[in-house]
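Whole structure, please, built from the sequences with the hints as guidance.
Chain by chain, the residues run as shown.
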Amino acid sequence: MPSFVLSHTAAVFPLHGGGVRAPSEVFAQIFEVFLLLGTAVGVVVVAYTMYHALKYRDDGGADPYADKVERPQMGEMPTGGSGGRKVFYSFSISAIIVVSLIAWTYSQLLYIEQGPDPAQTDALEIDVEGFRFGWEFAYPNNHTTNTLYVPQDRVVRLQVTSRDVFHNFGIPELRVKTDAIPGQYTSAWFTANETGTYEAKCYELCGSGHSLMIAEVRVLPQDEYESWYNGTEGSTGSGNQTAANGTETATESADLAAPTASAAPAATAGGVGA
Amino acid sequence: MSHDHGLPPKSSVSRWFLTTNHKDIGVLYLITALFFLVFGGVLALLFRLELITPGADLLGQMGYNQAVSTHGLLMVFWFISPFAFGFANYLVPLQIGADDLAFPRLNALSYWLYLFSGLLMGVSFFQGTTFAGGWTMYAPLNTPAYIPGEGLGATSVVLALIMFTAAVTLGSVNFLTTMYRMRAEGLRMRDIPIFSLSINLTVWMMLFAFAALLAALMILASDHILGTTYFQYSIDGTTMATDADNPGASLLWAHLFWFFGHPEVYIVFFPALGVMAECFQTFTGRRLVGRKWFIISMVLVAIQSFVVWMHHMFLTGINLPIKTIFMATTIGISLPFDLMVFSLIYTMAKGRVRFTTPFLFSLGALILFIIGGITGVFLGAIVLDYQFRGTYWVVAHFHYVMVAGATALFGGLYYWYPKITGKMYNERLGQIQFGVYFLGFNLLYFPMFIAWETPRRVFVYPESLQIWHSMATVGGFILGASFLLMFYNLFVSLWRGEDAGDNPWAYATSAEWAVSSPPPLENFPGVPSYATGKLEFLDDETVAERTERASGAGHGHAATDGGTAADGGAVTTRAAATATAMEPAHETAGEEHASHASFWPFLVSLGGFVTFLGLSGVRTGSVVYLSMAAIGGLVTFGSLFGMTREPFHAPEMAIAERWPFSSVEKMKLGMWTFLASDIVLFGAFIGSYAFVRVAYGWTAWHHDLIPAEHVTMPGLINTYLLLTSSFLVVLAMVAAERESKRGTVAALVGTFALGVGFLINKGLEWQHLFHIHSEAFPNGWNLSTNIASSTFYLTTGLHGAHVTIGLIICAYMAVRAWNGAYQGDDRAIEYFGLYWHFVDIVWLFLFPLFYIL
Ligand code: HEM
Ligand SMILES: [Cu+2]
Ligand SMILES: [Cu+2]
Numbered sequence: 001m002p003s004f005v006l007s008h009t010a011a012v013f014p015l016h017g018g019g020v021r022a023p024s025e026v027f028a029q030i031f032e033v034f035l036l037l038g039t040a041v042g043v044v045v046v047a048y049t050m051y052h053a054l055k056y057r058d059d060g061g062a063d064p065y066a067d068k069v070e071r072p073q074m075g076e077m078p079t080g081g082s083g084g085r086k087v088f089y090s091f092s093i094s095a096i097i098v099v100s101l102i103a104w105t106y107s108q109l110l111y112i113e114q115g116p117d118p119a120q121t122d123a124l125e126i127d128v129e130g131f132r133f134g135w136e137f138a139y140p141n142n143h144t145t146n147t148l149y150v151p152q153d154r155v156v157r158l159q160v161t162s163r164d165v166f167h168n169f170g171i172p173e174l175r176v177k178t179d180a181i182p183g184q185y186t187s188a189w190f191t192a193n194e195t196g197t198y199e200a201k202c203y204e205l206c207g208s209g210h211s212l213m214i215a216e217v218r219v220l221p222q223d224e225y226e227s228w229y230n231g232t233e234g235s236t237g238s239g240n241q242t243a244a245n246g247t248e249t250a251t252e253s254a255d256l257a258a259p260t261a262s263a264a265p266a267a268t269a270g271g272v273g274a
Numbered sequence: 001m002s003h004d005h006g007l008p009p010k011s012s013v014s015r016w017f018l019t020t021n022h023k024d025i026g027v028l029y030l031i032t033a034l035f036f037l038v039f040g041g042v043l044a045l046l047f048r049l050e051l052i053t054p055g056a057d058l059l060g061q062m063g064y065n066q067a068v069s070t071h072g073l074l075m076v077f078w079f080i081s082p083f084a085f086g087f088a089n090y091l092v093p094l095q096i097g098a099d100d101l102a103f104p105r106l107n108a109l110s111y112w113l114y115l116f117s118g119l120l121m122g123v124s125f126f127q128g129t130t131f132a133g134g135w136t137m138y139a140p141l142n143t144p145a146y147i148p149g150e151g152l153g154a155t156s157v158v159l160a161l162i163m164f165t166a167a168v169t170l171g172s173v174n175f176l177t178t179m180y181r182m183r184a185e186g187l188r189m190r191d192i193p194i195f196s197l198s199i200n201l202t203v204w205m206m207l208f209a210f211a212a213l214l215a216a217l218m219i220l221a222s223d224h225i226l227g228t229t230y231f232q233y234s235i236d237g238t239t240m241a242t243d244a245d246n247p248g249a250s251l252l253w254a255h256l257f258w259f260f261g262h263p264e265v266y267i268v269f270f271p272a273l274g275v276m277a278e279c280f281q282t283f284t285g286r287r288l289v290g291r292k293w294f295i296i297s298m299v300l301v302a303i304q305s306f307v308v309w310m311h312h313m314f315l316t317g318i319n320l321p322i323k324t325i326f327m328a329t330t331i332g333i334s335l336p337f338d339l340m341v342f343s344l345i346y347t348m349a350k351g352r353v354r355f356t357t358p359f360l361f362s363l364g365a366l367i368l369f370i371i372g373g374i375t376g377v378f379l380g381a382i383v384l385d386y387q388f389r390g391t392y393w394v395v396a397h398f399h400y401v402m403v404a405g406a407t408a409l410f411g412g413l414y415y416w417y418p419k420i421t422g423k424m425y426n427e428r429l430g431q432i433q434f435g436v437y438f439l440g441f442n443l444l445y446f447p448m449f450i451a452w453e454t455p456r457r458v459f460v461y462p463e464s465l466q467i468w469h470s471m472a473t474v475g476g477f478i479l480g481a482s483f484l485l486m487f488y489n490l491f492v493s494l495w496r497g498e499d500a501g502d503n504p505w506a507y508a509t510s511a512e513w514a515v516s517s518p519p520p521l522e523n524f525p526g527v528p529s530y531a532t533g534k535l536e537f538l539d540d541e542t543v544a545e546r547t548e549r550a551s552g553a554g555h556g557h558a559a560t561d562g563g564t565a566a567d568g569g570a571v572t573t574r575a576a577a578t579a580t581a582m583e584p585a586h587e588t589a590g591e592e593h594a595s596h597a598s599f600w601p602f603l604v605s606l607g608g609f610v611t612f613l614g615l616s617g618v619r620t621g622s623v624v625y626l627s628m629a630a631i632g633g634l635v636t637f638g639s640l641f642g643m644t645r646e647p648f649h650a651p652e653m654a655i656a657e658r659w660p661f662s663s664v665e666k667m668k669l670g671m672w673t674f675l676a677s678d679i680v681l682f683g684a685f686i687g688s689y690a691f692v693r694v695a696y697g698w699t700a701w702h703h704d705l706i707p708a709e710h711v712t713m714p715g716l717i718n719t720y721l722l723l724t725s726s727f728l729v730v731l732a733m734v735a736a737e738r739e740s741k742r743g744t745v746a747a748l749v750g751t752f753a754l755g756v757g758f759l760i761n762k763g764l765e766w767q768h769l770f771h772i773h774s775e776a777f778p779n780g781w782n783l784s785t786n787i788a789s790s791t792f793y794l795t796t797g798l799h800g801a802h803v804t805i806g807l808i809i810c811a812y813m814a815v816r817a818w819n820g821a822y823q824g825d826d827r828a829i830e831y832f833g834l835y836w837h838f839v840d841i842v843w844l845f846l847f848p849l850f851y852i853l
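Line by line, the protein sequences are chains P and Y.
Residue 241 in UniProt numbering sits at position 241 of the first sequence, and the numbers go up by one each step.
Residue 321 in UniProt numbering sits at position 321 of the second sequence, and the numbers go up by one each step.
Warning: the hint list may mix true and false statements.
What the hints assert, rightly or not - Listed next, the in silico DMTMM-like pairs over lysine to aspartate or glutamate satisfying Cα-Cα at most 20 Å (straight line): (1) Y:LYS292 - P:GLU76; (2) Y:LYS741 - Y:ASP826; (3) Y:LYS323 - P:ASP58; (4) Y:LYS423 - Y:GLU545; (5) Y:LYS668 - Y:ASP826; (6) P:LYS55 - P:GLU70; (7) Y:LYS423 - Y:ASP539; (8) Y:LYS668 - Y:ASP825; (9) Y:LYS350 - P:ASP59; (10) Y:LYS423 - Y:GLU536; (11) Y:LYS292 - P:GLU113; (12) Y:LYS668 - Y:ASP678; (13) Y:LYS534 - P:GLU70; (14) Y:LYS534 - Y:ASP191; (15) Y:LYS534 - P:GLU76; (16) Y:LYS762 - Y:GLU709; (17) Y:LYS762 - Y:GLU737; (18) Y:LYS741 - P:ASP59; (19) Y:LYS10 - Y:GLU522; (20) Y:LYS350 - P:GLU113; (21) Y:LYS534 - P:ASP63; (22) Y:LYS668 - Y:GLU737; (23) Y:LYS10 - Y:ASP499; (24) Y:LYS292 - P:ASP67.
Unchecked claim - In silico negatives: residues of chain P with every beta carbon more than 10 Å from chain Y: (25) GLY19; (26) LYS68; (27) ASP117; (28) GLU125; (29) GLU194.
Stated by the list, open to error - Which chain Y residues face chain P? A few, computed with CB under 10 Å, are given here: (30) ALA132; (31) LYS323; (32) SER334; (33) GLU463.
If you're looking for bench data, these hints aren't it; they were derived computationally from the structure.
All of these numbers come straight from a predicted model, not from anything done at the bench.
The beta-carbon is built from N, C-alpha and C at its ideal position, and this holds for glycine as well.
Below is the structure:
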């Protein structure tokens, strides 16, 4: 539940992503809990397994349980052994751990899916298009670049697609990732609390240059971003192989709060080939 | 007692080409699978070598992609399942008390198709480049437009996979029929040994999952060879363009692939689970704790495995409710595994645990699987999955589960080696191998969790992660070296090993250990029975007595093994009555002269190999490829015909447990199971059509993509033709029952004529559509025109192919009926009828979908 509380407090800082709980924090928290519990469960279960294996090992002497248990006989019809109750207890414990863990993450999933309240945060909308082997970013003014520029502490919403094959767009440090599928749009959001340079990578095999399909991500202080952005008004600044694409205007629909794959992208795809 | 029936001794090479015996074929599977393990393993070592440093470029960009892709394909398809099926072939009949599989020749055919599909995969390396789009083969990277060069190698890989799928489907039909019709007396389904049970559930999953894969592959092959455009984008001059021609393309592949892909992970793992459970029982001297719940868990997993596939697609933009459902099913499916793990752990309690090599491997597999399972739960949490997707976390996770499965199977190899060879391996060396293996495994895969930020399938990664990747590479070579020990051990022990005796393992219980090592050709010294609750071998007299009591008849049914299920199965069903009437009356089924040799399965598969190799290059128009396709086709067809003409006798068991199919004769059961998978095949085609149409826009589709000349009439006429022909098949049955030869022939000829009418009508319709000149379609409406034409021609074409096959069988039966067959015994016609009615019913779905809506 804490995520809900946090996302509401975000309302106190309108127009800013600084108070918004960033996806990277959500991930870090869940991952940490899973790592701790997962390691604990792993160690316990493996130790328990080894304990059984060693404790009951045949030391070559007489069978210490000869009068307690009946050993399987050649040619018998297969049946179950005794001790089923313990299996159930252990199973129940493990089931409780797994189910409660996943249930706990579910509230955080809702937060990641919906993102911070769009009415409260002035999210920046950027279109991302993957191509073999690079990325193109289109800003609200139709300016396009091959480096992603975003302001610090502001919610950034991405609409991601591909021009050719299936790619996957991810910025690992900022914990944002989504598939880039030709003919479809997927969305994702993030906010960067620190300025600096990051890397965006492709996470789906897309051909010979896949390993090198990396774009730079520059997180700028808000004022610096503003001046960079104002300097781009009306122009299309990126390389010629992407110039034809400046007409994409899918970002105009402001409310992308509920991420939906556009099942009928015929309506939304602005076409290079059109 | 022992009849050789033309089968040469094991020392003779020709035996291995001729044999249809399940034990021989099991051995062939094992050896072939190990060969592909080495093949895939060497590729892995190559790219691990490149990964030892962050920036090395050993294989080149495309070389690297080819190596990872084919490594995945080889390991998942050509190594792990076939390896498990080596054991299944050898052991399932022994464990359930059968003398062979239900259709021995079909079993040989499965094997040869498998082998040749692997060879085709190998040949693809020499056709320029082989497939380089990852084992998941995402679209549209898997289409020729995105494959550098001519792309013939990639086409060969797709065709090789189709051939492999054919082998799997035949195998599934065969195993299911065997297990439901040939269990020893007294052995209920739930009573069969746990390894055989795991195989039973595996083949059920295979039957349906591989049908979906087959649909995906057929569509892909058609995109490659025929030029349909399911997975392609429109070609704008020389480049591919992002317009809205077929917006469902990429996701269609993902759905089809993962609908297969998730069940596949259990298909891979279940046999391993079965081996683990067997080894645990034997080497702890305890029965499996909670066996009933263990079985129920496996059944639950098998069913549920078909409703979790979208967890591989969490980032594709599916909506929240669907994500939630798939998250729930994913977690749900992990719970039965918890139960199974604990069941294995508690089986050790109060045991006499002996750390022999098979047990070490089983225990090691359990531990690896626990780690793999825990890291899978991480992936089940969607927020984490978003970040893990496409990274080494996934790579590490699935190797911990899948290769855990392989670990258990290596345990199985040591466990059954004495049974198969009659010799004992060197225990000390086996234990050492396990140590090296386990060390290598963890050194290879565990660092991948730590270096999980590395994107999958890349050869450059952050320098900070180098130490982990170097470790992994070293681990890989250690793991590889451990196999040298294994091969050495198993090879040398063939000569130097001590005689193993019937049963070298204390507390082993299942029937394979009750016979000599290796078991004789007919498996058992008598007819096995569990009627008293314990394994006994009945002598002929007792059997005769019991069958008499049961049926009043002197002996059981005998039916011949009838060709392939795919060609309608029923082709050569020799009337059982006639067959048995010719046997001396005192003979019981156990003594009937079962056949064990046939050369046709090899020839059919060889023909298939040449055909497919030819098909991979026909789009170049090269004479070499074209003639290979033609010659291969002739060989395949001719040898299929030869196979149906060959007298081959696979007797049904005199007494057997057959619940729940006691009244379904084995040919019929085989036909049913085959049709069940065919339903999924057509289901996947129809589903694909619906999917791409919805993605395009249901009504716009009709508007934009379909010419006015595409009218309802030809379809309507064809509907009537087919329905009438179905009716005639029923008449043929009735006539055969009444022993009216003339009626039978007339009805069959009528069926044939109506079917031919159907095809001619369809041909005319297609011809017309190909050559229309309208404003919207100036160049006709052919396979490549647009996505609507692609779906239309391919789906109805697949149906047309079914009709054609049906007609070949029908013509064959008409000739046989003319010569007096089937009179008084209409079963063969009934089996053909099942197929034919099915083909009609499919048309009743296709007609509205492609002509009216
Ligand atoms: C505790 C049970 C398990 C859970 C919760 C689980 C969950 C998952 C999830 C969610 C993925 C998708 C990861 C992604 O691509 O983002 C995945 C991948 C995979 N899992 Fe599991 N899994 C489990 C057990 C298994 C088992 C038993 C096997 C096989 C024996 C297996 C084999 C695989 C494979 C092969 C992949 C990767 C497919 C690919 O992308 O190439 N998993 N698992
Ligand atoms: Cu890529
Ligand atoms: Cu899965």
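Over 10 Å to the closest beta carbon of chain Y is the bar; see if GLU194 of chain P clears it. Answer for GLU194 of chain P: holds, closest chain Y Cβ roughly 18 Å.
Take the C-alpha atoms of LYS55 of chain P and GLU70 of chain P, compute the straight-line distance between them, and say whether it is at most 20 Å. Distance ~18 Å between LYS55 of chain P and GLU70 of chain P Cα, so the pair holds.
Regarding the pair LYS534 of chain Y and GLU70 of chain P, is the alpha-carbon distance no greater than 20 Å? Holds, at roughly 16 Å.
Within a Cα-Cα threshold of 20 Å, do LYS423 of chain Y and ASP539 of chain Y meet the stated pairing? violated (29 Å)
For the pair supplied as a hint, LYS668 of chain Y and GLU737 of chain Y, is the alpha-carbon distance within the 20 Å limit? holds (17 Å)
Holds or violated: are the alpha carbons of LYS534 of chain Y and ASP63 of chain P at most 20 Å from each other? Status violated; Cα separation ~24 Å.
LYS350 of chain Y and GLU113 of chain P: Cα distance at most 20 Å? violated (50 Å)
Can you verify the interface hint for SER334 of chain Y: is its Cβ closer than 10 Å to any Cβ in chain P? holds (6 Å)
Hint check: LYS10 of chain Y vs GLU522 of chain Y, CA-CA at most 20 Å. Holds or violated? holds (15 Å)
Between LYS762 of chain Y and GLU737 of chain Y, does the CA-CA distance stay at or below 20 Å? violated (34 Å)
Regarding the pair LYS534 of chain Y and GLU76 of chain P, is the alpha-carbon distance no greater than 20 Å? holds (5 Å)
Would you mind confirming whether the straight-line C-alpha gap from LYS292 of chain Y to ASP67 of chain P stays at or under 20 Å? violated (25 Å)
Hints 3, 4, 7, 10, 11, 17, 18, 20, 21, 24, 26 and 33, counting from the list given before, are not met by this structure.
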